[in-house]
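Once you have looked at the hints, place chain B on chain A.
What follows is the residue order along each chain.
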Amino acid sequence: MSETETILEMRGISKSFPGVRALNAVTFTCVKGQVHALVGENGAGKSTLMKILAGVYQPDAGEIALRGKPARLQNPRDAQSHGISIIYQEFNLIPFMTVAENIMLGREPRTRFGTIDKTKLNHEAQVWLDLLNVPIRLRTPVEELSVAQQQIVEIMKALSYDAEVIVMDEPTAALTPIEVGNLFRYIHLLKERGHTIIFISHRLDEVFAIADWITILKDGEVVTSQPAEQITKGDLVRYMVGRELRETFPPRREPSQAEPVLELRNVSSPGRLHNVSLTVRRGEVVGVAGLEGHGQRELTRVLFGLEPVSTGQILVNGKVTDLTSPRKAMRAGVAFVSDDRKVEGLQLPLSIRSNISLPSLNRLHRLLLVHHAGERRLAANAAKEVDIRSSSLSAEVGTLSGGNQQKTVLAKWLTRDPDLIVVGEPTRGIDIGAKVEVYRLLRELADRGKAVVLFSSDLIEVIGMSDRVLVMHDGEIAADMPGIGATEEGIMRAATGYDISDIADLGAAPGGSTLFGPDMSPAVSRQNSN
Amino acid sequence: MAQSSALQKNTRDTASISEILYSQRNIIIIYGLLLAILIVATILQPRFATAENIKNVLVQATALGIISVGQTFVILTAGIDISVGSIASLVVVIMSHLADRNADGVIGAVLAGLAAGVLVGLLNGLGITRLHVSPFMMTLGTMSIAAGVALQLRPQPGGLIPADFGWLASNQFLGIPVPIYLFALVVLIGGFVLKFTRFGKHIYAVGGNEETTRLSGLPTDRIKIGAYLVSGLCAAIAGVFLSSRIRSGDASIGTSFGLDSITAVVLGGTSLFGGKGSLAGTIAGVFIIASLSNIMNLIGVSTYYQYILKGGILIIAVSFYYYRRRSHGA
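Protein chains in written order, with numbering that gives the first Met the number 0: chain A, 0 to 529; chain B, 0 to 329.
Bound conformation, chain A alone (with noise of 0.2 angstroms):
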């Protein structure tokens, strides 16, 4: 096999939605046995050149080549009869049908009387768990499997398929170290039988790890493409938001000592947190960040009764407060702007209207009758407040666009005039310009004298925004520094709970258990992959 043998070759891709341009004369090359790093930001158009690879869009322009050919992917079945296969972070699994099934679904092997051959099924589909060697039964329900356990289901089945060039978005952001350990060993596994691999990750770290070759994305265009290891982290992180970092976010205070919004005393939480205290004043933005899983997201639930409370207390506005339901952390001042606004921040099919006074409602009533010129007032307002931009307030909310549906969220609490505004990933999947809107608007309701709580798995919103970060690690505080002069290193370092130079000691232990630290560099992660 040549050193440079190109498998996929995607030419001058351009790619338009309505009022967004996604990709603009993207050119992207693949190196068969290589793994390909795709990085940068959300909303940079990883997703939507992956998903012209899988013939889910057409382009607007431009060409792919596979294996020097000319290749026209009208549909996911071409994709994948070309040999391209993606893993998407939501897995296309039958949770109750077997690994077995899993694997071979859809080319179930039949006997004489057209039945499944269940004994030629297993035996199929125990060739792939023996050529990577993977410690799972082959008769066990997808459903009883772990994440990292579905995840190397997904791999075997794009292998059954012939996959030649497999795509991985963002497979370890629901991993633990170790399990991420153990998926690098099995992408070390599939390069060396000569697939290829596009890895998608906002984790740097581990880009370095695994990566031959990093393409950078910004705004739709190709911002730079070269051997991993003639890009250094710090070119990296320059490339993806390089000077943006001032431009974006609005300017950060020093910690206040203002009186306290909120005030957590020793709260757990069974399995989750443990002897949380914090303290978050008026005018204050206070970042929680970490690795995914420690704790974060469940932080900021505890705040709207969304998970239990063991032990602890928490006080609102100097008062202990039960906030064990969401009515009850409504009443109490608090507004939850969710991580996953379509699922617990919107009615979709309800419009812009509706969705901003439904939390109100309660006050919008004269007898039992909604006071509609009330609701309508409250709306607009609200509307006004946040810049939502649509034709009217009568659009369903799921025709908008991401950025007007997360400022929908946002009006929606506002109009409760709330002291302690929770946030989590506020700028999720929505585009740049809309961002830029988020976070001043976060920051105007801080400077009205309102606490705002911000999780975010991207550190440098969390940088960006917060007068302080929380680091989290395994549900405790690990560490609680200034916004202004907090780095990603020095957040990574408490939320791994390792110090650098213990990092580089773990990632060279044997096991395959490596913790990929911030300022390892290029070479010493090669060393530890070969």
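Worth flagging that the hints you see were computed from the coordinates, not collected in a lab.
Incorrect hints may have been included.
No farther apart than 25 angstroms at their CA atoms in a straight line, the calculated lysine to any residue pairs in the SDA-like style are these [stated by the list, open to error]:
| # | chain 1 | residue 1 | chain 2 | residue 2 |
| --- | --- | --- | --- | --- |
| 1 | B | LYS194 | A | LEU363 |
| 2 | B | LYS309 | B | MET295 |
| 3 | B | LYS194 | A | ASN361 |
For chain B alone, kept in the frame of chain A given last:
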């Protein structure tokens, strides 16, 4: 409006004509379809369009119409109530016992009938919210239970409700049959509740997204129970009307109403996923079903054809709603 001028240039408080037309597209489609059916019916049989026959159609539509009002509440919450037909039968049977040749028992019988309907509705609501049985399964269960109780009480049709009570189904007031007033009253009250009360807003909210509604501090369980109570009550009112019409007890009289009311609601553009739809659409759906059966009778075609036609129209109408949504969706 004053506040609309204060709004950003991009977002008006009120919708433009074209937006109103677009947002009401399902209503426009369904009333267009109804109109087309009425025109074709009149061409096929001019007698269809006489005042007498129109009154007839309306009276025939009354029971289904009232039941479909309740069904609309339930389906708007993303639920379904297939027990309504059995509830109507049960009410008829209860009345045929309590008012059997007994004019003094009529008022008590009506109240007992209504109470029975509300009780089954309450059971539905509690089972769905407290026991977490899916709406389909829960109402399938109560459908069977109510039908069983009705059959136990009246294995064969029988009983005689006094002729005095026949006024509800047969009399006219100002030249218009009483059932039409009853139908109109239920529709008006239902429409008023959906449009102007908090409960109505909450119904749409729960159907739009239950979790979001709960996180907005609303009592979603109580709202859902309320919807099934309304549905049970409407089915019981229809039962009272039916017993005035046939004046005896028949445990199978309501059988077809369960699926017919769902057909009417869905035909009327209400989404089975909840949150979207209106009573106005449902009424059109009811009229379409009632006119089909009427015109078949008038032109002497086997009424069995109405099932075929009804099924075909349902599938076409729903596919059309879906097509529209897809082509305009985000």
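- Query: Any hints this thing doesn't respect? Which numbers, in order?
  - Reply: Of the numbered hints given earlier, the structure breaks none, since each of them holds.
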